[in-house]
Amino acid sequence: SQELEQSPQSLIVQEGKNLTINCTSSKTLYGLYWYKQKYGEGLIFLMMLQKGGEEKSHEKITAKLDEKKQQSSLHITASQPSHAGIYLCGADAGSEKLVFGKGTKLTVNP
Amino acid sequence: ETGVTQSPTHLIKTRGQQVTLRCSSQSGHNTVSWYQQALGQGPQFIFQYYREEENGRGNFPPRFSGLQFPNYSSELNVNALELDDSALYLCASSAHIVYGYTFGSGTRLTVV
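Each protein sequence line maps, in turn, to chains A and B.
With my numbering, letter number 17 in the first sequence gets 17, and the count goes up by one each step, no holes.
With my numbering, letter number 107 in the second sequence gets 1107, and the count goes up by one each step, no holes.
Honestly, the hints are just simulated from the structure, not real lab data.
Between beta-carbon pairs, the in silico distance windows are:
1) B:His1010 <-> A:His58: 30 to 36 angstroms
2) A:Ser1 <-> B:Thr1009: 29 to 35 angstroms
3) A:Gln80 <-> B:Asn1079: 41 to 47 angstroms
4) A:Thr107 <-> B:Ser1027: 33 to 39 angstroms
5) A:His58 <-> B:Gly1003: 17 to 23 angstroms
6) B:Asp1084 <-> A:Gly16: 37 to 43 angstroms
7) A:Val13 <-> B:Pro1008: 34 to 40 angstroms
8) B:Gln1017 <-> A:Lys68: 48 to 54 angstroms
9) A:Gln50 <-> B:Ser1073: 25 to 31 angstroms
10) B:Pro1008 <-> A:Tyr39: 17 to 23 angstroms
11) A:Asn109 <-> B:Glu1052: 44 to 50 angstroms
12) B:Glu1054 <-> A:Lys60: 37 to 43 angstroms
13) A:Asn109 <-> B:Asn1079: 42 to 48 angstroms
Don't be surprised by glycine CBs; every beta carbon is placed ideally from N, CA and C.
From just these sequences and the hints, can you work out the full model?
Following this line, the structure appears as structure tokens:
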């Protein structure tokens, strides 16, 4: 079965700093989703990547998919307190089922 | 604003009891999936329904069951509750996986 490993598990940054979260898959990635979750709440869709080399940006968040490395990265530029939360990567594991990593907890200090 | 609504938001049940969680999906979203998220973990796939039929199941026992209705609503039923069933239960719907999934805010179930 497919497994996703996220790193780091947690991250504390000062407001204004850049940061990167990585997601590595045990199998080939056919579709990779990034979600953000506030503690104990639902998942907010950020981006979906489907092709190797694909890169998408939304506001200050950029996600890339490296299909050969079976890896995706999420980069936040000039972080703000509103970026704080848990970032989850999810992979299309077939049959429209998503497999998720354990998440990366981001804290942004003002 | 999410197009997926879950109820109730919080629930406390006693071990051995049965519980029904509800989800209202966006119109046109024929696929609904349920996930269980334990504290500090990523969501785990329970099962999926497509046009009112179960269309895939994760590694969960038969006491976890579901229903999907023609009006895009669905239910997750759990019988004989165990302490380990305490978790956040998330409903997600989609018109097709290529469009991504929309998640609800979840139901926090506590089994005591």
